[in-house]
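Novice: Spelled out from the first residue to the last, the chains are:
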Amino acid sequence: MLNFVILVSVILIGAILVTIFRAHTLVQVVRGNKDGESLGKSNKVNAALFLVFLIGGIVLFFGYSYTQFDRYTVPVASEHGEVTFKLFWITTAVTTAAFILTHIVLFWFAYRYQHKAGNTAKFYPHNDKLELIWTVVPAIVLALLIFDGFRAWVKITDQAPDNAEVIEIMGYQYAWASRYPGADGKLGPYDYKLIDFENQMGVDFTNQFSKDDFIPREIHIPKGKPVLFKIRARDVIHSVYVPHFRLQMNAVPGMPTQFWFVPTKSTADMAEETGNPDFTYELVCNKICGKGHFAMRATIVVDEPAEYEKWKASQKSWLSKNPEYLSSLQPASPVVTEAAKEEIEEAQASL
Amino acid sequence: MAVTEVQLDEHVEHAAHDDHEHHGNFVTNYIFSQDHKVIGKQFLIAGIFWAIIGGGLSIIFRLQLGFPDMNLEWLRPLLGGWITESGKIDTEFYLALVTMHGTIMVFFVLTAGLSGTFSNFLIPLQIGARDMASGFMNMLSFWFFMLSSVIMFISLFISTGPAAGGWTIYPPLSALPQAISGSGLGMTLWLVSMVFFIASQLLGGINYISTIINLRTKGMSFTKMPLTIWAFFLTAILGLLSFPVLVAAALLLVFDRSFGTSFYLSDIFIGGEALPNSGGSPILFQHLFWFLGHPEVYIIIMPALGITSEIISTNSRKPIFGYRAMIGSLMGIGILSFVVWAHHMFVTGMSPFLGSIFMILTLIIAVPSAIKSFNYITTLWQGNIRFTSAMLFSIGLVSLFISGGVTGIFLGNSALDIFLHDTYFVVAHFHLVMGSSAFFGMVAGIYHWYPKMFGRMMDEKLGYIHFWLTFIGVYLVFFPLHYIGIAGFPRRYYSFTNFDAFSDFADLNMFVSVAAICTFGAQFIFLFNFFYSMYRGKKASLNPWDSNTLEWTTPREPGHGNWPGEIPTVYRWPYDYSKPGSESDFIPQTVPYTNTPESNLPHEAEEAKNEKV
Amino acid sequence: MEMAMNKTKESSFRMHPQKFAMWLFIVTVVMLFAALTSAYVVKQSSGVWLDFDLPFMFDITTGIVIVSSVFMHMAYLSAKRNEVSKIRIYLLLTVLTGISFLVGQLIAWQELVQEGVFFVGNPAGSFVYVLSGVHGFHLLSGVVFLLIVAVAAFKYKVHSTSLVRIEMCATYWHFLGGLWLYLYLFLTLNH
Ligand code: HEM
Ligand SMILES: [Cu+2]
Ligand SMILES: [Cu+2]
Numbered sequence: 001m002l003n004f005v006i007l008v009s010v011i012l013i014g015a016i017l018v019t020i021f022r023a024h025t026l027v028q029v030v031r032g033n034k035d036g037e038s039l040g041k042s043n044k045v046n047a048a049l050f051l052v053f054l055i056g057g058i059v060l061f062f063g064y065s066y067t068q069f070d071r072y073t074v075p076v077a078s079e080h081g082e083v084t085f086k087l088f089w090i091t092t093a094v095t096t097a098a099f100i101l102t103h104i105v106l107f108w109f110a111y112r113y114q115h116k117a118g119n120t121a122k123f124y125p126h127n128d129k130l131e132l133i134w135t136v137v138p139a140i141v142l143a144l145l146i147f148d149g150f151r152a153w154v155k156i157t158d159q160a161p162d163n164a165e166v167i168e169i170m171g172y173q174y175a176w177a178s179r180y181p182g183a184d185g186k187l188g189p190y191d192y193k194l195i196d197f198e199n200q201m202g203v204d205f206t207n208q209f210s211k212d213d214f215i216p217r218e219i220h221i222p223k224g225k226p227v228l229f230k231i232r233a234r235d236v237i238h239s240v241y242v243p244h245f246r247l248q249m250n251a252v253p254g255m256p257t258q259f260w261f262v263p264t265k266s267t268a269d270m271a272e273e274t275g276n277p278d279f280t281y282e283l284v285c286n287k288i289c290g291k292g293h294f295a296m297r298a299t300i301v302v303d304e305p306a307e308y309e310k311w312k313a314s315q316k317s318w319l320s321k322n323p324e325y326l327s328s329l330q331p332a333s334p335v336v337t338e339a340a341k342e343e344i345e346e347a348q349a350s351l
Numbered sequence: 001m002a003v004t005e006v007q008l009d010e011h012v013e014h015a016a017h018d019d020h021e022h023h024g025n026f027v028t029n030y031i032f033s034q035d036h037k038v039i040g041k042q043f044l045i046a047g048i049f050w051a052i053i054g055g056g057l058s059i060i061f062r063l064q065l066g067f068p069d070m071n072l073e074w075l076r077p078l079l080g081g082w083i084t085e086s087g088k089i090d091t092e093f094y095l096a097l098v099t100m101h102g103t104i105m106v107f108f109v110l111t112a113g114l115s116g117t118f119s120n121f122l123i124p125l126q127i128g129a130r131d132m133a134s135g136f137m138n139m140l141s142f143w144f145f146m147l148s149s150v151i152m153f154i155s156l157f158i159s160t161g162p163a164a165g166g167w168t169i170y171p172p173l174s175a176l177p178q179a180i181s182g183s184g185l186g187m188t189l190w191l192v193s194m195v196f197f198i199a200s201q202l203l204g205g206i207n208y209i210s211t212i213i214n215l216r217t218k219g220m221s222f223t224k225m226p227l228t229i230w231a232f233f234l235t236a237i238l239g240l241l242s243f244p245v246l247v248a249a250a251l252l253l254v255f256d257r258s259f260g261t262s263f264y265l266s267d268i269f270i271g272g273e274a275l276p277n278s279g280g281s282p283i284l285f286q287h288l289f290w291f292l293g294h295p296e297v298y299i300i301i302m303p304a305l306g307i308t309s310e311i312i313s314t315n316s317r318k319p320i321f322g323y324r325a326m327i328g329s330l331m332g333i334g335i336l337s338f339v340v341w342a343h344h345m346f347v348t349g350m351s352p353f354l355g356s357i358f359m360i361l362t363l364i365i366a367v368p369s370a371i372k373s374f375n376y377i378t379t380l381w382q383g384n385i386r387f388t389s390a391m392l393f394s395i396g397l398v399s400l401f402i403s404g405g406v407t408g409i410f411l412g413n414s415a416l417d418i419f420l421h422d423t424y425f426v427v428a429h430f431h432l433v434m435g436s437s438a439f440f441g442m443v444a445g446i447y448h449w450y451p452k453m454f455g456r457m458m459d460e461k462l463g464y465i466h467f468w469l470t471f472i473g474v475y476l477v478f479f480p481l482h483y484i485g486i487a488g489f490p491r492r493y494y495s496f497t498n499f500d501a502f503s504d505f506a507d508l509n510m511f512v513s514v515a516a517i518c519t520f521g522a523q524f525i526f527l528f529n530f531f532y533s534m535y536r537g538k539k540a541s542l543n544p545w546d547s548n549t550l551e552w553t554t555p556r557e558p559g560h561g562n563w564p565g566e567i568p569t570v571y572r573w574p575y576d577y578s579k580p581g582s583e584s585d586f587i588p589q590t591v592p593y594t595n596t597p598e599s600n601l602p603h604e605a606e607e608a609k610n611e612k613v
Numbered sequence: 001m002e003m004a005m006n007k008t009k010e011s012s013f014r015m016h017p018q019k020f021a022m023w024l025f026i027v028t029v030v031m032l033f034a035a036l037t038s039a040y041v042v043k044q045s046s047g048v049w050l051d052f053d054l055p056f057m058f059d060i061t062t063g064i065v066i067v068s069s070v071f072m073h074m075a076y077l078s079a080k081r082n083e084v085s086k087i088r089i090y091l092l093l094t095v096l097t098g099i100s101f102l103v104g105q106l107i108a109w110q111e112l113v114q115e116g117v118f119f120v121g122n123p124a125g126s127f128v129y130v131l132s133g134v135h136g137f138h139l140l141s142g143v144v145f146l147l148i149v150a151v152a153a154f155k156y157k158v159h160s161t162s163l164v165r166i167e168m169c170a171t172y173w174h175f176l177g178g179l180w181l182y183l184y185l186f187l188t189l190n191h
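Those protein sequences? They're chains A, B and C, same order as listed.
Per my numbering, residue 1 is the first one in the first sequence, and the count goes up by one each step.
Per my numbering, residue 1 is the first one in the second sequence, and the count goes up by one each step.
Per my numbering, residue 1 is the first one in the third sequence, and the count goes up by one each step.
For the record, the hints were derived by calculation from the structure and aren't laboratory data.
Beta carbons: idealized from backbone N, C-alpha and C, even for Gly.
Heads up, a few of these hints could be off.
[What the hints assert, rightly or not] With a Cα cut of at most 16 Å, we get these calculated EDC-like pairs of lysine to aspartate or glutamate:
no.	chain 1	residue 1	chain 2	residue 2
1	A	K316	A	D162
2	A	K225	A	D303
3	A	K122	B	E611
4	B	K41	B	E557
5	A	K230	A	D162
6	B	K538	B	D507
7	A	K155	A	E82
8	A	K193	B	E604
9	A	K316	A	E218
10	A	K225	A	D128
11	A	K116	B	D585
12	B	K224	B	E607
13	B	K88	B	E73
14	A	K122	B	E583
15	A	K44	B	E460
16	A	K312	A	D184
17	B	K218	B	E611
18	A	K41	B	E460
[To be verified] Facing chain A, from chain B, some residues (calculated, C-beta under 10 Å):
no.	residue
19	G56
20	N71
21	G166
22	S258
23	F321
24	G383
25	R456
Build the full structure now, drawing on both the sequences and the hints.
Specialist: Next comes the structure, spelled out in structure tokens:
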């Protein structure tokens, strides 16, 4: 019923508008409005509106950007984040200048050079010098920006330092799992064929390096120390995204990736800075991965180094929490796949 | 292709070609027509239809984003089971909406609707040809597009839902129905539809290129071609080189989906079982996809830029500034667009070295884009500007192209993209620089060439209202998305209620949704104007905009063959507006230099001596 | 740019539109295979790659394709010289060699299967099937084209003043032959 009413009213409103429009045009015809005349008046209005738009736009843009700064700015909590944050604002300054200047010129010209009877336009097909200038100047400015970005990029993607805390993060529909290497500092190998209800990450627990690996509920990392995320996915592509750390890396099934960074603010520091006592770092999924994509969340706790060590020491290895797992495996030899073999070799080489 | 008819001879000889009206029946005249003008209009109508569908889908998901608590029970008659018990949009259907919105807008509206309409309609008219090189191929191109449209449309209504893995259809998500139900039949239909779409684009593209190269009228050298034609020409080349790559990508995806190969799949555990696939790489797909995908975005914008060049020059009553630079920058963009694709993949774990290379190449492409903007602005300088609806939309395009272009500088910088990738910042970027710009170009083109298409004028007042509502509207919709993006909000999220970090900005999201609905509503003014004027609009004069190009030398409603008599010869470039010394403020391309001794520049006076009129 | 433009101004480039369209079509096929072979290279350089011998039959079919191109050229030459019966014979020979090429490819696939390399499995194997399969598909279209020309030849429609069709057919056929040579070399070298 409601739908019907809506439909009818839409049709009615449409009909009324059409009638008004008809009447308007008819009146114009009767009045004998000439084209040129109406062009003159609406031309002025349109030209003026461009100026109004320009001024209104600039006011809104700067007004909102300035007053809402704290709302849209994500506090930075990693070393490389500080660098990219600065770079972001340099880029913003340069591009905003270009953006505003070109718009002032664009709309000003539109206003200033509106049609006037008796005026003729200037025949001005080209000016090589001018064109050269505005090819070269943007090129130079861009080169400078690239140069800064390039340096930052190289540093960020460089090899992780040797003393980095290694943590494995695995994405699956629709959650994150993490694994720590335990006391031996080595993550054991994994194989997706080993995944089952108990062993969600498919770790090969028969391997010596896996024995002390632990799989905590929550990810903890130490403040001020390099952390290396080894990232993989179990089903489809996900993406590890932590806005506060300016960290993003896809999690791809069959193709492990990684990202390292140095967190600079503990959760407590951040709670203080933001004035939000419940502040938590959130790890979110940022690659479309299915219906639960928008709720694929994990929390990260940044501890002071000492606390972190304490936390780590208190964690029990997965095997000790699941004592019957090994015996439930068939006595057959452990599945050794290419990937697992490689990983073992790698681990041994680094020993 | 063996059936291509030869129309060359009559063109070459400029035979006195009487307006031989082909007295076909309704079917051959309007449905299976081989006349480029009719085909152009067919593409236009189909494009408008798709734009309404695509826009409508976006309104539905904007309702969800702007009003997460709203009861959407009233959409049940339309969406059926996709509205959950609690009156909410199904989370998976949300992704389907986003996916179909993207697919429809990128391919069906802004590629087929824009380039299909104007390449078909304008190429023969502006280069002085009787029709396309092959009318049959041209017809086939439209009907392949139609078939593709029908398939895509059907996929909206199947029970497992349409494709839902994003318009970029990254596998494994798009390969595994276990991962998302849209990857079942919906994805199959998507791929089938896309194959026909590509066939249509290739047929069209081959035709555009052959026509432009072979069928130009006497005197229409490449240096005298309007910039619209240059844009269509380069666009067609881009399409010809990039669409086959999408075929390759889709083919391998089809094999992975239906035959169990492992091109893109490896080490996957899903739905409680480990899949046998091993050795594939999902990233491979992304490389292939973006090798098409990036040129594709320029396939979309270049025709719009061409149209804008023409309209801005005509209505400023000034030659386009830097004709050669405009062509050069189009070429530069065209070439560079093939070597920047991996900027969409900075955070896929690709080698950092490659990342640096692609960052440098990407930022180089910003230079020709900047040149174009500066040249448009300088064309306005000291002009005598008439704000027709088309002109308003063209100026709007320049503004949007700049606004969206500057954010490209952030995204092309891989160090910044780590933070911005896949956030609303990217959404803001491409909706301004591609979506809105190309849409503005398309609308500008419609307003400008409507008199040639339908022989009548559109109502200018309604055009002004349409422009201002739309122009303000798109800025209100897309500009705030920058802030949301800088705040780190990921795209393709059903709602932001699950995260503390994204608890803010409910107000801004609501604002954007309201603005989107209003802007969408404003398009109905245009629709009314469009269809109403077709029958009741003021009859157009032969050259309503005092324009120089050839299409305005045809009769009011050009018949089959376009010119009743001989095809006119071209003597000059199309931008002789307000030439010093000339009485009139425009000199059409068909006026020989010998007739205009008062306004000839020195080198033109030379040319006048060799002219045989 | 200036020079190129001035040149076209005088002698506007004119090629038979059908032939020109055919060349553009060939460009699209080139791009398709460029994409597939670069995908092959990318895939090979990353990840698990299976090593196996290419079927011996590929050597033979490569030979066939060359012979077939020779026949095609003979047919074309005969057409130019108006030797009607020779046109027909050579065209039929081209068709025959074309079909035997396709049969040969099928046998090659069988050889692969016997070797334990299946379409479904490691991408290294799948790629061989895809490359030869997509090429075979295009070759099939070439055979259809040949048949159309052959029928025309039997209707006396192919002769020295009506060469367009056979020229286009020859272009396409040589192109497909060349494409296979490229694929053959590519597979042999990247194995
Ligand atoms: C000024 C030059 C431009 C630069 C430097 C640039 C750079 C970029 C970059 C780096 C991305 C990837 C962002 C990400 O996913 O993280 C991107 C996305 C995009 N750009 Fe641009 N862009 C420019 C101009 C354009 C133009 C002219 C168009 C279209 C006409 C365009 C359309 C797009 C689209 C559609 C996407 C998003 C695709 C998707 O992920 O769905 N860009 N741009
Ligand atoms: Cu996910
Ligand atoms: Cu791109």
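Novice: If you test the structure against every hint from before, which numbers come out violated?
Specialist: Result: hints 1, 3, 6, 8, 10, 19, 20, 22 and 25 break, sorted rising.
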